[in-house]
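A.B. asks: All chains, please: the whole structure from these sequences, using the hints.
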Amino acid sequence: MITARYIKENYVRRLPSAFCPGCGDGQILNAIIRAIDHLKIDRKDIAAVSGIGCSAWIPSPYLRVDSLHTTHGRPIAFATGLKVANPRLKVIVVSGDGDATGIGGNHLLHAARSNVGITVIMVNNGLYAMTGGQVAPTTPHEAKTTTTPYGNPAFSLDVSRVVAAAGASYVARWTTWHMNQLIRSIEKAIMKKGFSFIEVLSQCPTYEGRMLNMDHIEMLEWFRKNFREDAEGIYKIGEFVDIEKPELTEELEKMIERVRR
Amino acid sequence: MKAKDIVIDRNLCKGCSICVHVCPKKTLGISREVNEYGLFYPEVVDLGSCIVCRLCELYCPDFAIEVVQE
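Just so you know, the sequences run in chain order A and B.
Here the first sequence stands for residues 505 to 765, where the numbers follow this note's numbering.
Here the second sequence stands for residues 8 to 77, where the numbers follow this note's numbering.
For the record, the hints were derived by calculation from the structure and aren't laboratory data.
Note that the Cβ used here is the ideal one computed from N, Cα and C, for glycine as well.
Any given hint might turn out to be false.
Stated by the list, open to error - Computed beta-carbon distance windows for the label pairs:
| hint | chain 1 | residue 1 | chain 2 | residue 2 | range |
| --- | --- | --- | --- | --- | --- |
| 1 | A | GLU757 | B | SER56 | 56 to 66 angstroms |
| 2 | A | MET505 | B | LEU46 | 25 to 35 angstroms |
| 3 | A | GLU757 | B | GLU43 | 25 to 35 angstroms |
| 4 | A | GLU757 | B | GLN76 | 40 to 50 angstroms |
C.D. replies: Structural data, given as structure tokens:
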């Protein structure tokens with residue numbers, strides 16, 4: 505049985521965390537730790553990579569594994585290099601929606617296309633929270649943010665469907681309300697051979713909540729009521745893709761063998 | 008299953024009250040006192056009603072609450 509004391513003694517570097525009260529990032533940290541513990545992987549076989557943003561803070565100071573805190577939008581590029589250099593490593597990227605789709609969208613698409621065996625956990629709160637709540641590619645239509653005070657005129661990107669279309673091996677979407685499903689999904693994604701992508705809808709009580717006039721409890725309730733497996737569009741949760749495909753580092757090793765002969 | 012104790016680390020708690028919201032048996036409530044950051048931490052209202060589901064531990068973003076089983 506995993507208890508809070510066990511997690512604090514074995515997996516967390518330091519506490520209290522710098523996250524705002526009610527932020528979903530702490531819950532996602534909890535989910536990642538529980539998934540790693542269920543899988544019984546040695547901590548030395550895991551590397552965590554993060555970019556810039558609130559959610560990038562989940563692995564970098566708090567998760568007690570080897571971690572890289574990289575430049576804005578480039579964690580997937582760094583993680584690809586890490587995986588190619590040492591294919592036995594389980595590489596986990598924790599990135600925000602602005603980081604993964606706004607600044608580094610190209611890296612996300614090409615990592616999914618080449619099917620490199622990394623796990624990307626994208627924390628989606630619908631705006632750039634660390635820099636003050638600016639509009640992001642994932643902000644829903646007509647949602648208010650700091651830079652769109654009368655509502656977002658553009659439309660949001662359905663990231664999971666884009667990554668699935670780009671050719672990922674595993675794609676799932678959950679929210680911070682669906683903790684048990686999320687833990688099982690992270691376990692599956694880490695053990696997946698190819699590129700695996702999990703989008704986690706998370707509450708941001710500081711910026712999103714202030715603009716939408718909701719607190720974090722109301723947002724969790726909103727997740728519970730609106731995000732269903734039978735819903736449409738960005739409200740649909742669950743596993744979208746779960747297939748086996750040739751993986752990049754394996755193909756690379758095969759090619760090296762073939763060329764050397 | 009019965010809980011022996013519910014340990015709440017007052018200085019790790021940020022007073023988000025997610026644990027109070029997810030508790031299915033209303034074992035937890037919000038205290039009237041504040042911790043050193045001036046935040047209202049949760050308190051145990053009725054320990055006997057706890058069914059050790061550990062949802063509070065699962066949802067707590069700050070690892071501040073722990074259910075000790077008998």
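A.B. asks: Now tell me if each hint is right for this structure.
C.D. replies: Do the hints match the structure? See the list:
no.	hint	in the structure
1	GLU757/A to SER56/B: 56 to 66 angstroms	holds (57 angstroms)
2	MET505/A to LEU46/B: 25 to 35 angstroms	holds (28 angstroms)
3	GLU757/A to GLU43/B: 25 to 35 angstroms	violated (55 angstroms)
4	GLU757/A to GLN76/B: 40 to 50 angstroms	holds (48 angstroms)
Checked against the numbered hints above, the structure violates only hint 3.
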